[in-house]
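S.K.: Take a look at the letters that make up each chain.
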Amino acid sequence: MIGMKRRRLRAAEIAPLGDAGLLVRFGTELSDEANQAASNFARRLGRDPIAGVLEVVPSLVSVLVRYDPARLSFQGLAGELSLRMRGDKASDPSHMHAIPVRFDGEDLVEVATALKLSVGEFVAAHNEQPLRVLTTGFAPGFVYCGLHADNLVLPRRSSVRQRVVAGSVLFAAGQTAIAATDLPTGWHVIGHTEFRNFDPSANPPTVLRAGDLVQFRALA
Amino acid sequence: MTAELRIVRAGPLCTIQDDGREGLLAQGISASGPMDRAGHRLAGHLAGAPGSDCIEITRAGLEIEIIAGPLTLGWAGGAFTVSIDGGSAVWPGCAVLKAGERLSITPGPSGNYGYLRFGARLDLPPVMGSLATNTRAQLGGLDGRPIRDGDILRFKGHGVDPVQVQVPETPSGPIRFVWGIHAQHFSSVVRERFMSQNFRITPMMDRMGVRLADEASVFSGMSNLSLVSDPILAGDIQILGDGTPIVLMRDHQPTGGYPRIGTVIAADLDRFAQLRPGEAVAFTPVSVEHAHRMLRSGPA
Numbered sequence: 001m002i003g004m005k006r007r008r009l010r011a012a013e014i015a016p017l018g019d020a021g022l023l024v025r026f027g028t029e030l031s032d033e034a035n036q037a038a039s040n041f042a043r044r045l046g047r048d049p050i051a052g053v054l055e056v057v058p059s060l061v062s063v064l065v066r067y068d069p070a071r072l073s074f075q076g077l078a079g080e081l082s083l084r085m086r087g088d089k090a091s092d093p094s095h096m097h098a099i100p101v102r103f104d105g106e107d108l109v110e111v112a113t114a115l116k117l118s119v120g121e122f123v124a125a126h127n128e129q130p131l132r133v134l135t136t137g138f139a140p141g142f143v144y145c146g147l148h149a150d151n152l153v154l155p156r157r158s159s160v161r162q163r164v165v166a167g168s169v170l171f172a173a174g175q176t177a178i179a180a181t182d183l184p185t186g187w188h189v190i191g192h193t194e195f196r197n198f199d200p201s202a203n204p205p206t207v208l209r210a211g212d213l214v215q216f217r218a219l220a
Numbered sequence: 001m002t003a004e005l006r007i008v009r010a011g012p013l014c015t016i017q018d019d020g021r022e023g024l025l026a027q028g029i030s031a032s033g034p035m036d037r038a039g040h041r042l043a044g045h046l047a048g049a050p051g052s053d054c055i056e057i058t059r060a061g062l063e064i065e066i067i068a069g070p071l072t073l074g075w076a077g078g079a080f081t082v083s084i085d086g087g088s089a090v091w092p093g094c095a096v097l098k099a100g101e102r103l104s105i106t107p108g109p110s111g112n113y114g115y116l117r118f119g120a121r122l123d124l125p126p127v128m129g130s131l132a133t134n135t136r137a138q139l140g141g142l143d144g145r146p147i148r149d150g151d152i153l154r155f156k157g158h159g160v161d162p163v164q165v166q167v168p169e170t171p172s173g174p175i176r177f178v179w180g181i182h183a184q185h186f187s188s189v190v191r192e193r194f195m196s197q198n199f200r201i202t203p204m205m206d207r208m209g210v211r212l213a214d215e216a217s218v219f220s221g222m223s224n225l226s227l228v229s230d231p232i233l234a235g236d237i238q239i240l241g242d243g244t245p246i247v248l249m250r251d252h253q254p255t256g257g258y259p260r261i262g263t264v265i266a267a268d269l270d271r272f273a274q275l276r277p278g279e280a281v282a283f284t285p286v287s288v289e290h291a292h293r294m295l296r297s298g299p300a
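Chains as they are written, first to last, in this note's numbering: chain D, 1 to 220; chain S, 1 to 300.
Bound conformation, chain D alone (with noise of 0.2 Å):
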């Protein structure tokens, strides 16, 4: 299994995504190691960059890359990813950001049952690894943040609420987001954070990029 994805992986996909963009696809469902490739592809793509590309956006398993058709071809920006796929494989060294959250959810509880835990057994076994952010970009400052282990995983709520405010820590699908700012979803409330990953007045406006690492704690 682990091989197939590896040999997946080796034929990352370059797809058009209109005439001003494409995308470098390293897999059509999530993975740790597709999303790991696209993270480390979007920062190696950082490091080396290519000119008359416009910006880079590393997502769950693919990385979109924004170029200005003045100045380069489909074809041409292809050749040049292709040329940074392969050789130096080295990522950056992962930023470790360390999250206080106050486990007071108004889903807590019933997160904990439906996995056949106490309260205090399910913040322990959350908070037990740091977890990468898989993703940003959802919404402004907005985290995505795995994989847990597979005890840890619960569907979504199966309605939406219009709003969670600024700080909420999010629970679902195996993952743990962090609402930057106040939105509607789907997924469960677990806790609250003062930590805001979305600053308008500050350059980058955000903190938390894809790969880094995060290790939440519990606030008494």
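Be careful, since some hints might not be right.
Covered stretches of chain D (in silico footprint by chain S; criterion: 3 or more residues with CB under 8 Å from a CB of chain S, positions within the stretch not fixed) [to be verified]:
id, stretch
1, 65–71
2, 96–107
Not the full set, but computed from the structure, chain D residues with beta-carbon under 8 Å of chain S [to be verified]:
id, residue
3, G18
4, F74
5, P140
Quick caveat, the hints were computed from the structure, so don't treat them as lab data. Since the structure is predicted, the reported quantities are computational estimates derived from the model, not experimental observations. Every residue gets a Cβ at the ideal spot worked out from N, C-alpha and C, and that includes glycine.
Once you have looked at the hints, place chain S on chain D.
M.R.: Only chain S this time, still in chain D's reference frame:
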């Protein structure tokens, strides 16, 4: 002397825009900017605008009164009706207005978005390098909100020489697109019908996206695909779970997991944005290389 104007009447969802804040998709912020870039550019030439800031006017129009002047104004984009103190003027056009004079923009025969630009800079604080209002993230412009009756806008600096430009003829014909990242998930029959059938613009349209009516049921009965989320760009044509096609526009969501059959090419997104609810629209595919050739040979 610094110029100043008051918004006497603003239609819903008129916003402050400029060229937009590109480069922040990874931070979860789409670029925003004018829905009709060519109309925006033309209004700037007419006004002798020193920057790219503007008021984007929606179909119901806008009325302003100059409080302190003089102020040079240029207007273009779509086809609106315009008058100065009750006397009719031409669209697109320009004028120098004095204190007390009123400019009234009312609905015209076609288009959804008009642009009012100025021979001075709007005196507003940039957010992440731009004045553009992002209606989804609620930032930029006037505290991230649309323009309201009674708003006061102040200006600073001077204009540049207006540029006399020929108004380019709006091309007609089908909207051109590049096949999308999920095109292979659609059967050849569906792809063929997507190219041959007409769709209709619905009233469910804003700066985030335009929903289309699929009267020929091209996408009905599609199985509900569960796809991993990928980044989105303006022009992406995604098909919702119930078969509704939606074209994502300048304030689009930054990522999405609905299948995308295609992406409208940059050269055609302006005129797509100006199509009104009820109008028919057809799509025709082009290669990326063909789209690039058109960008190089088209107007700068």
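S.K.: Are the hints correct? Go through all of them and say.
M.R.: Do the hints match the structure? See the list:
For the stretch 65–71 of chain D, the stated coverage by chain S holds: 3 residues have a C-beta nearer than 8 Å to a C-beta of that chain, and at least 3 were required. With a cut-off of 8 Å between beta carbons, the stretch 96–107 of chain D has 0 residues touching chain S; three or more are needed, and the interface restraint is violated. A least Cβ separation of about 3 Å between G18 (chain D) and chain S falls short of the 8 Å threshold, and the interface hint therefore holds. Interface hint status for F74 (chain D): upheld, as the beta-carbon distance to the closest one in chain S is roughly 4 Å, under 8 Å.
Interface hint at P140 (chain D): satisfied, since its Cβ lies 4 Å from the closest Cβ of chain S, which is below the 8 Å cut-off.
Of the numbered hints stated above, the single one contradicted by the structure is hint 2.
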